[in-house]
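J.: These are the residues of each chain, in order.
Number of protein chains: 2
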Amino acid sequence: MQRILITGAHGFIGKHLAKHLASLGHHVSGLGHGIWPSSEASMWGVADWTNGDVHTANLRALQARNEPDLVFHLAGGSTVGAAIANPREDFFRTVASTVELLEWMRQDLPRARLIAVSSAAIYGAGTLGPISECAAGVPYSPYGHHKRMMEMLCRSYGDSYGLDFRVARLFSVYGPELKKQLLWDMCTRLAAGESPLTLGGTGQEIRDWTHIRDVVAALALIAQNDAPVQADQTFNIGTGTGVPVHEIAQLLIDAWYGNNSGRSGPTPLRFSGQSRAGDPFSLVADPQRLMALGHAWQTPLATGISGYVDWFRHATAR
Amino acid sequence: MQRILITGAHGFIGKHLAKHLASLGHHVSGLGHGIWPSSEASMWGVADWTNGDVHTANLRALQARNEPDLVFHLAGGSTVGAAIANPREDFFRTVASTVELLEWMRQDLPRARLIAVSSAAIYGAGTLGPISECAAGVPYSPYGHHKRMMEMLCRSYGDSYGLDFRVARLFSVYGPELKKQLLWDMCTRLAAGESPLTLGGTGQEIRDWTHIRDVVAALALIAQNDAPVQADQTFNIGTGTGVPVHEIAQLLIDAWYGNNSGRSGPTPLRFSGQSRAGDPFSLVADPQRLMALGHAWQTPLATGISGYVDWFRHATAR
Numbered sequence: 001m002q003r004i005l006i007t008g009a010h011g012f013i014g015k016h017l018a019k020h021l022a023s024l025g026h027h028v029s030g031l032g033h034g035i036w037p038s039s040e041a042s043m044w045g046v047a048d049w050t051n052g053d054v055h056t057a058n059l060r061a062l063q064a065r066n067e068p069d070l071v072f073h074l075a076g077g078s079t080v081g082a083a084i085a086n087p088r089e090d091f092f093r094t095v096a097s098t099v100e101l102l103e104w105m106r107q108d109l110p111r112a113r114l115i116a117v118s119s120a121a122i123y124g125a126g127t128l129g130p131i132s133e134c135a136a137g138v139p140y141s142p143y144g145h146h147k148r149m150m151e152m153l154c155r156s157y158g159d160s161y162g163l164d165f166r167v168a169r170l171f172s173v174y175g176p177e178l179k180k181q182l183l184w185d186m187c188t189r190l191a192a193g194e195s196p197l198t199l200g201g202t203g204q205e206i207r208d209w210t211h212i213r214d215v216v217a218a219l220a221l222i223a224q225n226d227a228p229v230q231a232d233q234t235f236n237i238g239t240g241t242g243v244p245v246h247e248i249a250q251l252l253i254d255a256w257y258g259n260n261s262g263r264s265g266p267t268p269l270r271f272s273g274q275s276r277a278g279d280p281f282s283l284v285a286d287p288q289r290l291m292a293l294g295h296a297w298q299t300p301l302a303t304g305i306s307g308y309v310d311w312f313r314h315a316t317a318r
Numbered sequence: 001m002q003r004i005l006i007t008g009a010h011g012f013i014g015k016h017l018a019k020h021l022a023s024l025g026h027h028v029s030g031l032g033h034g035i036w037p038s039s040e041a042s043m044w045g046v047a048d049w050t051n052g053d054v055h056t057a058n059l060r061a062l063q064a065r066n067e068p069d070l071v072f073h074l075a076g077g078s079t080v081g082a083a084i085a086n087p088r089e090d091f092f093r094t095v096a097s098t099v100e101l102l103e104w105m106r107q108d109l110p111r112a113r114l115i116a117v118s119s120a121a122i123y124g125a126g127t128l129g130p131i132s133e134c135a136a137g138v139p140y141s142p143y144g145h146h147k148r149m150m151e152m153l154c155r156s157y158g159d160s161y162g163l164d165f166r167v168a169r170l171f172s173v174y175g176p177e178l179k180k181q182l183l184w185d186m187c188t189r190l191a192a193g194e195s196p197l198t199l200g201g202t203g204q205e206i207r208d209w210t211h212i213r214d215v216v217a218a219l220a221l222i223a224q225n226d227a228p229v230q231a232d233q234t235f236n237i238g239t240g241t242g243v244p245v246h247e248i249a250q251l252l253i254d255a256w257y258g259n260n261s262g263r264s265g266p267t268p269l270r271f272s273g274q275s276r277a278g279d280p281f282s283l284v285a286d287p288q289r290l291m292a293l294g295h296a297w298q299t300p301l302a303t304g305i306s307g308y309v310d311w312f313r314h315a316t317a318r
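Just so you know, the protein sequences line up as chains H and U, in that order.
Quick note on numbering: the first sequence equals residues 1 to 318 in the numbering used here.
Quick note on numbering: the second sequence equals residues 1 to 318 in the numbering used here.
Treat the hints loosely; a few may be bogus.
To spell it out: a stretch of chain H is covered by chain U in this simulated footprint if at least three of its residues, at any positions, have a beta carbon under 8 Å from a beta carbon of chain U; those stretches are [stated by the list, open to error]: (1) 90-98; (2) 135-143.
Computed footprint of chain H on chain U, listed as stretches where at least three residues anywhere in the stretch have a Cβ under 8 Å from a Cβ of chain H [unchecked claim]: (3) 90-99; (4) 134-143; (5) 152-159.
No wet-lab data here; the hints were simulated from the structure.
Please read all numbers here as calculations on a predicted model, not as lab measurements.
Just so it is clear, CB atoms sit at the ideal spot from N, CA and C, and this is done for glycine as well.
This is chain H alone, in the form it adopts within the complex (with noise of 0.2 Å):
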């Protein structure tokens, strides 16, 4: 049983990590920004949780109630379009929280382990096919800038005080609880029986896409490798194989009738041609290293997309 600390336990991702963590036995506490009844939380498997900044004061209060040795830093910006819209408070969302949470551990924690938790944007524009870890790129958007620069600070304080820490690098995540991006937007249009389904982009565009459940469970195998690992420390967390986004508009949209046969019939699909500024065209995963730690991609794409649209339905019943 580890003690095990969560930053931004409350988002998507850390809500499916805390279960997944608790159902292994070990003990979690949470610490982000949200109103969440320990009645609520503890259904998510976190003990004990504080809605807070990730802040020194913060950090001390529950440590002096359960001291960590792993810690899951997933706190930070969460959209591409916010942090356009202010990229300041990007910024201190993902950076300077990350500094604080490092200086924690440096001076309180040094024994601890970190996983911090990175995102593809970092690789940018300009990929074509599987990207190996140690790819260069430009960062998309201010999202993607911040994002490396909170690895950037976690090698800092490797380098400087041996911090033990890994790098997760998320692709394309989905799954139940996730109210955002491609799926969410197109279950809330066709529920709202719109049709036809026009959507952003060529649907050329592609992804690696990747279940909730799947990654919870790459996240868990790599804090608990204690093999040498690369000196970047750093884990793509993806499949290796590129879907384009027609094919999972169409999947999903084939799971929405699919699972609800009385409806009228299929919404046809058009895409506008039109990209955001900058957007990748492909940003697939070369997870060579995480496969080497084991990992088995469980959940099928199609199996993946129809529990999405069920949890939708379910969630939004009224």
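We have chain H already, so just place chain U on it with the hints.
T.: Leaving out everything else, chain U in the frame of chain H:
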């Protein structure tokens, strides 16, 4: 005549830069830490000095008096040792101050140009010979990591908001007013009569020594250049010639006695052989981009060192 803001104007480089720009006829405002009577600030060319953090309120107030069309950003942590001792403080001085400056420029001065002054510390150890601006490297100490993050922020604002910026990476800058590092320490110890003089390291460490007078001329030159530059907008401010520490140390001892023939004779120079962990062996610029702008290095090393000794004696005379 331009209206110019210098952050960190009260520091070693800031003061000389202000004086140089004022001598060219520009109006110079300064912001940074330090009590600076206006009589003294104006001797250094600073017509409007604000003692305070790089923060919106201070920036807006000085903008109301004189709206800058050019900003030199020099504020930030200034020593490797201080950054290692207190990385959180160095982060806020160097990185968080930059986001405040950039956010103000994005909102209030979208057409102003920014010259961000960075450091060769971002190249880290492991280079031999002249380093080009595109060289990858692991920055040296939290100081170097934070300077790299400062550069990334500029690039992020350039990519997303069209900020007109340049990055200038300084190497080993010396000259009057420099009250730290090798030359200052040596003079202080020579003045105290220490003999022999034992310095850290092996004496073989190589640096690219640049006189402050030439450095501020280079910064002004970069600021005035409107021609397209490389994608990273970065210029090394170095001579391209590496000089071992034992050579510059001997130059200083020679100047010390040569300038003051009443002394008893040369102090023997020794080296401990012990280097600071991670201290780069060699940091020498490839200055091609700077030279292409027509910059000329004017101060020979022996002349510069001799001038430094004169300044030291004058500054510390009672």
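J.: Hint by hint, note whether the structure agrees.
T.: Tested hints:
Closer than 8 Å: that is the beta-carbon criterion, and the stretch 90-98 of chain H has 4 residues meeting it against chain U, so the requirement of 3 holds. Coverage of the stretch 135-143 of chain H by chain U holds in this model, with 5 residues showing a Cβ closer than 8 Å to a Cβ of that chain against a need of three. Three residues within the 8 Å Cβ limit are the bar, and the stretch 90-99 of chain U against chain H gives 5, so the coverage statement holds. Residue count for the stretch 134-143 of chain U with a Cβ under 8 Å from a Cβ of chain H: 5. That meets the three needed, and the coverage hint holds.
Only residues whose C-beta sits within less than 8 Å of a C-beta in chain H count toward coverage, and the stretch 152-159 of chain U has 6 of them, enough to reach three; the restraint holds.
In terms of the numbered hints stated before, the structure departs from none.
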